[in-house]
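J.: Listed here are the chains, written in short residue letters.
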Amino acid sequence: MPAVPVSGALRVLVCEFGCTYQMHHAHIDKFAYQDSVIHRLDSRVKFIAVLVFTAVVISLPRTSLSILACFAIGPFAVLVLGGIPLRFVFKQILLVSPFVLVLALSCPLYDRTPLTVAFGPFLWRGTIGWMRCFAILGKFVVTMLALIGLVSTTRFNDLLAGLQKLGVPKLLVIQLGFLYRYIFVLIDRAHHILQARAGRKLRNLGFKRELRTASAMVGSLFIRSIDTAEHINIAMQGRGFDGRWRSISKLQIRRADLLFAIISIFFMLVLYIFVKPILQ
Amino acid sequence: MHMANELLSVPVAAGTLAIAAAAIGFICRKARQVIATEKLALMGILGAFVFAAQMVNFQIPAMPGTSGHMVGAVLLAIILGPHLGTIVISSVVIIQCLIFQDGGLLALGCNIINMGLVPCYLGYFLYKVVTAGQFSSLKSYIGAMLACLLALEAGAILVPIQAALSGVLAVPFSTFLITMIGVHFLVGFIEGLITVAVLAYLQQVRPDVVLDCLPGKVRLSRGAVLITLAVFSIIAGAGLSLLASDFPDGLEWSYAERPDQPDFDSVVSNEDPRVAAVDDFQSKYSLLPDYSGRTSKLGQVAVDEADLSAGWTSFAGVVGSAVTMGIIWFAASILRKRRPSKA
Chain A
838 MPAVPVSGAL RVLVCEFGCT YQMHHAHIDK FAYQDSVIHR LDSRVKFIAV
888 LVFTAVVISL PRTSLSILAC FAIGPFAVLV LGGIPLRFVF KQILLVSPFV
938 LVLALSCPLY DRTPLTVAFG PFLWRGTIGW MRCFAILGKF VVTMLALIGL
988 VSTTRFNDLL AGLQKLGVPK LLVIQLGFLY RYIFVLIDRA HHILQARAGR
1038 KLRNLGFKRE LRTASAMVGS LFIRSIDTAE HINIAMQGRG FDGRWRSISK
1088 LQIRRADLLF AIISIFFMLV LYIFVKPILQ
Chain B
1254 MHMANELLSV PVAAGTLAIA AAAIGFICRK ARQVIATEKL ALMGILGAFV
1304 FAAQMVNFQI PAMPGTSGHM VGAVLLAIIL GPHLGTIVIS SVVIIQCLIF
1354 QDGGLLALGC NIINMGLVPC YLGYFLYKVV TAGQFSSLKS YIGAMLACLL
1404 ALEAGAILVP IQAALSGVLA VPFSTFLITM IGVHFLVGFI EGLITVAVLA
1454 YLQQVRPDVV LDCLPGKVRL SRGAVLITLA VFSIIAGAGL SLLASDFPDG
1504 LEWSYAERPD QPDFDSVVSN EDPRVAAVDD FQSKYSLLPD YSGRTSKLGQ
1554 VAVDEADLSA GWTSFAGVVG SAVTMGIIWF AASILRKRRP SKA
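If you read the protein sequences in the order shown, they are chains A and B. So the first sequence is residues 838 to 1117, counted in our numbering. So the second sequence is residues 1254 to 1596, counted in our numbering.
Extracted from the complex, chain B is given alone in its bound form (with noise of 0.2 Å):
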């Protein structure tokens, strides 16, 4: 569930970058307050054991040729506290990002909201709300997989809200919505799984570390979690509303035109030349000319000379580049294949 720069639009983008660098930054100072040096260490080593975890993978039953691993947001919430294991995730994210090459740069914010901060929160909330009171091993486990769950769902919740909201994608919003849901249940589901084994696991070899005792660990107010807690369900209640109130996608396409219906007269009709001439410019700076070759009346495509020349510098320009290219690419081998003899 790497979000890709593609699916986002600027403003969404940045928007999630400013959030999610206000909150690793806020949480950083926090944190530096409280944790050690020593601490240092621990978590960064954490941050390169949840690559190595999601090496280890396991047969999935009904589903032979897939296997499932963990993520393990939710394990590092519950052992660090939810503000070092944010950091440790977002850290992750950020080396999949600069090394792996896995998420765009620009989806960095997305990515981190998603994956880090929301399911780190949700999870250690939900965790601990279970886990009130007495400490049993059921309770425990039982809030591992809620946590797992829930946290998981609502970060891949996230990536169809985000990209709707930039509106590049042609999938309807349902749909995408429906299918991340689907699937995010059967890999939280595992995660849950997995993580609720790996917490009876360590609870047995190292108790100290499941029971709060890990040093470094920064414990959250009650106060504090419903805070975060009101703070997230405003931005998605936020998030939603402007979903529902103008969906940038479907609605631009439906009134402009009705291709299954050829006679169907554009609902907005607009004759003010103020109105033509925004519209002019619009066609001439972010639409291709090439499209006002659509004018579809049953199927017959009528192409006048201002398409077809657009066409041609279109074409120009891909060849252009491709020569560029390719002149690059000669003039680099040839430098690059007389420099040892010079040396």
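Chain A with its partners taken away, still in its complex shape (with noise of 0.2 Å):
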């Protein structure tokens, strides 16, 4: 039999003030719940400032590296404000590199145009390839940057409410709601199967019965979500779900958000219009 839905929405509350889970997931968001200057700006201002600064970075010219350091000045002074440690910070950028890293790598191999840079002092002989390589690489970082600034500062509560004014589909965000509620309780779950599974099996099984015991695995974590859902539903409608999401989120641009988007702005058109000619 399936948990009973008091048990999943316990267990979710306990996710939600800092759970105990093994899975680095679970602890993604832990900082959105802290407090500082960054954090209590309105959702719908950073998410737009990350979008814009995204694609600002993503424009600069494929080949210029230096600029990218003073780009990556924007979110870095965020993530410092609000109080998010650096090392967690690289940590999942190193999580989420593998295949940005294998493309990048790949460049070098491919275009092996030769030139020389001088880098202040130094003089540096190489290819075109690896350039891009490190200008790939660099233009990664920075947006990554200012995408764990935005998700680590903000609650994804908030988010979702800021997302549904910028009008984002309601079914999507309904479903968004309910996804980021029920993902660590299923990831439990998973991690249960897994546990039995490891305790039974000794050795590898072989193909053929490694995936039937997989199957089977997956098939039953279906079938206890369905009857999960089931269970929801009905506690939801018993307390008056009629397909309205409401949330506590107060959303209001304020003066800080004002003054966030002017400093946002400024320092964008100032980095493309007068640093991105001169320094490239």
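Careful, some of the hints might be misleading.
[What the hints assert, rightly or not] Okay, the calculated beta carbon distance ranges per label pair:
1) B:S1389 - A:R924: 53 to 61 Å
2) A:R992 - B:A1275: 27 to 35 Å
3) B:S1427 - A:I1110: 38 to 46 Å
4) A:F1103 - B:G1278: 30 to 38 Å
Calculated from the structure, these hints are not laboratory results. Backbone N, C-alpha and C fix where the C-beta goes; we use that ideal spot for every residue, glycine too.
With the hints as a guide, bring both chains together as one complex.
T.: Structure follows, in structure tokens:
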């Protein structure tokens, strides 16, 4: 039998207030519940600022490197002001980098146009491929800094409320809200199943039986998910859910938000218009 | 195969975001009319199920050390129908981007198209074509297998196309394409195997779920299927023809210079002063001025004073940025130390 909805809800509560699961996923937005100048900003302002920032960084020429360091100042300041530990940030960036890393590292293999780069007292001889590789990695790090700066300083519910105000379809917002709430419950459940398998399976069983075991695990997880959904639905109907997602997050643009918006526009404009032509 | 920001140019990112947003908006509006509130919980939980199912890994033979897991798009499309399947998978992709930072914010449109829209609709369509008529479990297994293979492959093929349209990669298009097809053939095959096995399990335990009876399923009419397929093929065709006509990457370099042949004259040499002015403007505003040192005559590099000074400005820029960040960090840490003592 699946877990009863009450325990599910309790687990979600536990999750939301500092949970103890081993998954790195569960720890990911623990910093969103801190309080700082950045945390108090309106989620819409932050979201749009990060979106524009990412677009600006991506539109930089594909071989300019040193300007990326200047662009990094913005998200860096946000992260520091938000009190997010930098070790956590870099760990997170490393965790999601493999695909980009492979593609970036393949650049030097294909573009071997030689060039010499003068960098202060140093003169470096390399290829355009390497420059591109570094530029891709640099852009990756800078845009990831911005994204982590957004996510780890904004509660997901606030972000969702902001997104809905920005015109994201209501159905999708509700879907995201549910998904966020129950990810950790189901991941927890998957952990139990995996533990059970590890306890019973002492050796590699061969592909056929491995596959059968895995599919049975996924299948039972699926059925338990459906049952849980039915229970949750009954509980929600009982409490008068009518398809509208109500949230206590209050969204209003205050003076601090305006200030943040002006500063970020100023920052990007200055870098793009004045610094970019000089500093390539 | 999460696309990253860096592999896209802004126009491509904006275009794919617009396509994905339009599609999701349309589907949501359509679906809102059909589904009742009690399906909302089901969809949300199934989205979380995708995350949990991805944790269930198993050993792949012949490749020790690697383990496979499922993606789940085709399974959800088969069970929920393509509309709701797409919404669920898109929400998974969005959460992966926003909470786990897997895939960039600007690349969200690409990721929704590659991993949500295309696999769900194509997979559902293929499954329906194969299982048309009398239901038999063999037919449904073949259909699911085929759907997984082709749907994941189609999504994977879009990745190099989008990257090539953006012109960010130095990797030749064909190499990238072949790698993606090869890798995702394997991924699709394993996905197919586990989807078939899960379907078989579900048929034993809850046959009602597999046989179209799950509540909240939106049926797709034959006309709608054909129209979506046509739209997809037009988009794919347009993308491919764009690639064929002006491949933005290799071409640009090849006519400007040939590093392997120092005596090679540029094919395009235009003496028009306006063109020269534009070139000058471009070199000022787009490329690294440091690059002007690449007049490579048999490895000899001419570095004149202009290049050196450009090198110094970029050095100053990087050092200045580092110093600024250091100052911010120090100021913040001092402020933070002070705050508890005040309180």
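J.: Against this structure, judge whether each hint is valid.
T.: Now the hints, each set against the structure:
Look at S1389 of chain B against R924 of chain A: about 56 Å separates their beta carbons, and that is inside 53 to 61 Å. The hinted range of 27 to 35 Å is satisfied by R992 of chain A and A1275 of chain B, whose Cβ atoms lie roughly 29 Å apart. For S1427 of chain B and I1110 of chain A, the Cβ-Cβ distance of about 39 Å falls inside the hinted range of 38 to 46 Å, so the restraint holds. Hint check: F1103 of chain A to G1278 of chain B, Cβ distance near 33 Å, so the stated range 30 to 38 Å holds.
Comparing the model with each earlier hint shows no violations; every hint is respected.
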